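> Protein chains in written order, with this note's numbering: chain A, 1 to 700; chain B, 701 to 905.
In short, the hints are calculated from the structure, not lab data.
Nothing here was measured: the structure is a model prediction, and the numbers come from that model.
Each hint should be verified, as a subset may be incorrect.
Label-pair ranges, simulated between beta-carbon atoms [said to hold, decoys possible]: (1) A:T304 with B:E814: 54 to 64 Å; (2) B:V737 with A:L691: 50 to 60 Å; (3) A:R412 with B:E811: 27 to 37 Å; (4) A:L486 with B:G876: 26 to 36 Å; (5) A:S532 with B:A879: 39 to 49 Å; (6) B:I768 with A:D566: 36 to 46 Å; (7) B:T882 with A:L486: 44 to 54 Å.
Per the computed footprint, the stretches of chain A lying under chain B, defined by three or more beta-carbons under 8 Å from a beta-carbon of chain B, are [to be verified]: (8) 176-189; (9) 569-578; (10) 584-594; (11) 601-609.
Don't be surprised by glycine CBs; every beta carbon is placed ideally from N, CA and C.
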Amino acid sequence: MIKRIHRHYWFALVLLIGPMYTAAGQAADSLALMEGELAPVVVTATKGAKELQNVPIPTSLITSEDIAQQGAVRLADLLAEQPGLQIVYDHGLGVQIQGLSSDYTLVLVDGEPLIGRVAGTLDLERLTVSGVDQVEIVRGPSSSLYGSEALAGVINIITKAPANRWTGSLQSRYQTHGTSDLNLEGETTIGRVGARIYANRYNSDGYDFSPDGIGQTVSPFTDYTVGGRLDLDLTDRTALRLSARHNWLDQSDEVGLLTDNVRVPFDNEAALRDWNIAPVLTHRFASGAKLTTSLYASRYRTDTQIRDATTSALESRSQFDQTFNKAEAQLDLVLGTQHLLMVGGGVIGESVEADRVAGGSRSTQHVFAFAQHEWLASERLDVNVSARFDAHNEFAPVLSPKAAVLVKPNERWRVRASIGSGFKAPTFQQRYLDFTNAVQGYSVYGSVDVVNALRQLEAQGQVRGFLQDIESLEEIEPERSLAFNLGAATDIGERWSVDVNGFRNHISNLIEASPIALKTNGQSAFTYFNLSRIVTQGIETKATFEMNDAFSFMASYLFLDTFDRDVVDQINAGSLFARDANGRDFRLSRSDYGGLLNRSRHSGTFRVQYRHVERGLTASARAIYRGRYGFGDTNGNLVLDDDSEYIAGYVLLNLTVTQRITDAVQLQVGAQNLTDHTNTTFIPSLPGRLLFASLQVGLR
Amino acid sequence: MRNRLFSTLFVAALLVFSGCDSSSSEEFMPPEVQMAVDIPADPIVGFGPRGPVGAGVITFYSLRENRIVPAADSASAAWDIALQSTTIFTNGGASGPGQGGAQVVEALFEEVTEAPATGYSTDATSGFAIPTGSGNGWYNYNPQANVVSPIPGRVLVVRCADGTFAKIRMMSYYKGNPANPTSADESRHYTFEFVHQPDGSRRFE
C-alpha cells in the first residue's frame, strides 16, 4: 500500500499544471524517492492531475499492480471486485454505481468517451485491461466537466505511457470453457519519440446452461484488440500524443426462430468493429499556463446475420453504425499562488445508421463549454467549482454546475463534500426509433419523428384515436440529476485507513415509453416522455488494514436505498395495492416497497493479500457479496414488494496466486467463483467455477 | 372465502334478527359475493403472423344471472359485460343497446360499499369504458414473464344493461385460476368475483 506524503498546497499547484501523465514523476520529491513510494495521482475528477488524497470528489483508483495481482483480463472482471460497484448484465456487462444503472456512467479511455451502448449498456467485457496503467472511478455526477451520461460516475481507463527503454512482454492465459487470452506488448523511447503497442486476442467457447435448447447461454467468440500510443516531445514545451485502438469481435451460434410455431435452429453470425483514435497536443507556456487541444474520432459497428442452417440463405440481417467525433480545447491557468482556472470547449458530431432509425441514418451536432475554478485557500481547505454548458441541436441546452470542497481539519482527516448536477441526453433510440413489432403489432416512435410518423399512420387509416393532442407534444428533455456526496477519510495509526461516503442522487425527467395513440389493430403506438423520478441514496465504506509486510486486508460495504418517487407517492396516497398468497388484495405500505429492481440493499467485498517479496510470491483471496435484489414483478402491481420477486443473495470467492520464476518469467494460477455458485434461471451471465493459469514472459 | 362466509353469516344473522322483530322486515339485504370461474374470452386457437389469435369469439356474460349469454342475444340487453382477450365490453354506447357503462375504482373490493353516483364511461369508438392496455384498466402485462395479471386494488364498477350496478374484482386471466400463472398456462379465461345489486340502488353492503 502507498503511504501518504504530506505536501504543501503550492506543490499541488505544480502538479496540477504539469503534463498529465508525467505529473507523478515531477512530483517525486526527495522524501518520496527515499521511501521509494509516491502518492498516487489521478486525472479524472478535476480534469487535471491531482493527488488522489487531495481530490474533493469521491474517487477510487485501480493501479496496474492491482490488475496484475487480481489477474483480471477484461475490465468487467476488474470492476466486479471493486468496492461499491456492481456488475449487472443487461445486453452486456455494465456497471452500477451508487445504485444507478450502467447507462448513467460515462466510460472514458484517456479522457475520451467510448461509444457503442446496447440498450444503454456499454459492455465492459469488450475492453481488455492490456496496456492499462490505471483505472479511475469517480463517483457522483461529473457532467460539469464531461457532459452527458456522467450522472452516476465516470470510469476513466488511463493507458500506459511508453517506458524510456525497450521492454516487452508476452502473456498467455488459459481458463475454463476454452477461454484464452494472449497478450503481446512492446514499448520504447528513442530521443523525443516514445512508442507503445499492444495486441490482444481473447477467445472462448462460451458455455451453456440449457444444452437441450437451441444455441448456447454464452456463444463462442473471438475478440482481437490492437492499440498503442505515440508520444512525441516536439519541443521542450510542446508534446503530441497519438493514441489509437481497434477492436474486432466475432461471435457465431445457433438461434431458434419460430417457424410454423416450432423453434427451428438458424445460424447466427455477429460481428462487432470498434475503433477510436485521438491526437492530443499540449503546450506549456512560460507563464505556467497549459493549452491542451485534442481531436477524437470513433466508430462502432455491428452486423448480425441470421442464415438458414442448411442452405445458408440469408433470413435476416441487422446493422448498426455509430460515429462520435469531437474537437476540444482546454486552457489551464495559474492565477497567483492560490487559484487555478480552467476553461475549455469543443464541438461534437455524432451519427447513427441502423434499420430501426427513422430515415435510415441521422446525424447531430452539439457544442459545449466548461470552466473550473479551484481555490487552494489554505493547506486545509480546497474549494472547487465547475460548470458546463451543452447546446444540442435537438433538445434544450443544459447547464451542469458542481461545487466541491475538501477540508483537512488535521493531518489525519480529510472531509469531502460536493453538490453537483448531471444529465443524460436522450438516446438515439429515444430520438429516432421507428419500430413496429411484427408479432404484436404495436409501434414505438422516437421523439424527434413521432408527430410525422403518427400523421402518416393516420393517413393510412391505422389510428383509432390519439390519447392527447399530438401537435402540442413537448420535446423530450435530457434526464437530470442533483446529487450530494459527503464523506471522510482517515488514517488510524500507520496501518489502518477508513473511507466513508454518503450519497444521495435525485434523478428526474427519466425517459420512458408511454402510449400516445390507439391503433386500429387494438395495439398502441408509443413514444417517449419525461416521466419518472427516482432517488438512490446510501453509504459506501471501505477499510484497509496492513497487518505487516506480508498480509493486508481490505473490507468494503455498501448500504443502498433506492425508490421511485411516484411509487412512494402512490403508497402515501393509499392507491397502490398488492395481492397476497390467498388472492386477497391489500394496501401496500412503505415498508413493503423494495425500491428499484436489480439493486442490492446490502453488498460488500473482502480481500486478503499475502506477499513474500524475497520468494516473489503474491496471493490474494477475495469474497464478493451481493445481497438479495429484485428481478421483476410476480403479483401484478409491477412494483417490487413480494418476497417471491427477489433473487437470493450470494457470495463469490475468487483466488489468485502469482509466483515469479525468474526475473523475466511469472506464473499465475487462480479461480473465479471457487464455490461454483450459479443461478441459471436469473443470472445466466454468471458462469460457474472458472480456473485459470497464465504465464508471463518479459522481453528486454 | 372468509368474506363470503362472513356475508353468509351476516345474511343468516339478519334473517334471525328479522324473525324476531317484524318492524325490520324492510332492512337492507346485502347481495352476496358471487364467483364466475374460467369464463372463456376468445381462447387461443392458433398463431398468425401477429402472434396468437383466437377464433374471434366474444363471450357475453350476464352479471344479473351469473351465466354466459348466447352470442345470438348479443344485440339485446340480456348481457352486461362481454370478454374478448383482455378487452372487456359493457352493454351500452358503441357496444350494445343497454344502459351499460363502467368505471375503474382504485380501492379494495370490500371498501366499495356503494357504487359511485357519477363518473361512468360508456364504450365508444375512441375507447372503452374499461380502458384497454397494460396499467390502464384492470390488468398489467409483464413483458419479461409474458403474463397478464389483474392489478391489485382495482374494482370494476359496472352499470349493467338494465341500469343496475355491480362491482367486479378480477382474479385471473388463466384457466384454473393458477396461483402463479406463467406464459405456459392457458390464457384468456377469466375468473372473477362480483357483487350485483338487483334492487336498482347503488348499495353493495
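> Does each hint fit the structure? Answer for all of them.
Each hint, compared with the structure:
Range check, T304 of chain A to E814 of chain B: Cβ separation about 58 Å, and the 54 to 64 Å hint holds. At roughly 56 Å, the beta-carbon separation of V737 of chain B and L691 of chain A lies within the given 50 to 60 Å, and the hint holds. Judged by the Cβ atoms, the range 27 to 37 Å given for R412 of chain A and E811 of chain B is violated: they are separated by roughly 60 Å. A hinted range of 26 to 36 Å is violated for the C-beta pair L486 of chain A and G876 of chain B, which are about 55 Å apart.
The hinted window of 39 to 49 Å between S532 of chain A and A879 of chain B is violated, with their beta carbons roughly 30 Å apart. The hinted window of 36 to 46 Å between I768 of chain B and D566 of chain A holds, with their beta carbons roughly 40 Å apart. Here the CB-CB span from T882 of chain B to L486 of chain A is close to 46 Å, well matched to the stated 44 to 54 Å. Counting residues of the segment 176-189 of chain A whose beta carbon lies closer than 8 Å to any beta carbon of chain B gives 0, which falls below the threshold of three, so the coverage claim is violated.
By the rule of at least three residues with a Cβ nearer than 8 Å to a Cβ of chain B, the coverage given for the segment 569-578 of chain A holds, with 4 such residues. With a cut-off of 8 Å between beta carbons, the segment 584-594 of chain A has 3 residues touching chain B; three or more are needed, and the interface restraint holds. Chain B is given as covering the segment 601-609 of chain A, and this is violated because 0 residues of the stretch bring a CB closer than 8 Å to a CB of that chain, at least three being needed.
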